[in-house]
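Listed below, chain by chain, are the residues.
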Amino acid sequence: DTAVSQTPKYLVTQMGNDKSIKCEQNLGHDTMYWYKQDSKKFLKIMFSYNNKELIINETVPNRFSPKSPDKAHLNLHINSLELGDSAVYFCASSLGHSGNTIYFGEGSWLTVV
Amino acid sequence: QQQVKQSPQSLIVQKGGISIINCAYENTAFDYFPWYQQFPGKGPALLIAIRPDVSEKKEGRFTISFNKSAKQFSLHIMDSQPGDSATYFCAASGYGQNFVFGPGTRLSVLP
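The listed protein sequences correspond, in order, to chains A and B.
Everything in the first sequence is counted per the working numbering, starting at 1 for the first residue and increasing by one.
Everything in the second sequence is counted per the working numbering, starting at 1001 for the first residue and increasing by one.
If you're looking for bench data, these hints aren't it; they were derived computationally from the structure.
It cannot be assumed that every hint is accurate.
Said to hold, decoys possible - Facing chain A, from chain B, some residues (calculated, C-beta under 8 Å): (1) Phe1039; (2) Pro1040; (3) Leu1046; (4) Pro1082; (5) Gly1083; (6) Thr1087; (7) Pro1103; (8) Gly1104.
No residue lacks a Cβ here, since even glycine has one placed at the ideal position from N, Cα and C.
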């Protein structure tokens, strides 16, 4: 049973396209996140939702739009993809939005060509 | 004040040796300090965590040492094995505080 699952795992697309990454967690957590990991392995938070409400929105281009239809799902839609968007995107979840363990998905490898 | 500093950036250890990774933080509101382990192609996974009411926590070959006054904590991997080769992230969080990750340490354990 995968706790935090995200699809697709690999995504290769052309510049200018729009793509979505889906995420679901079955841990009963109320907080979900999107992180971006670049080639240097830095983990940078992009968004955080608590009970479907946006609580963290870091400096991210507005081409990135998260959507949380319910507490168990947090999807990431990216418009007009650019070469610099190539990275690994991790979905994660936790109970509460501070002071507790964050559980990560396996990652979605996005390559923009 | 939200930063967590981590060193070294990379570490090479012989099999059977001790791996030590250090982290430092500034925000005294942090009260939860986890370490995450990430293998290539996988997501980070919780390895071990400590809260500041204790100065040390040990789980198998992995030990966290915590120095509250110095605002530092470290991960010690005893009897390091090639299977421990991964990227390790320290992190910090607390009530009302966002989760903050260190920049990571790439550990290579040579057979």
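Which of the listed hints are broken here? 1, 2, 4 and 5
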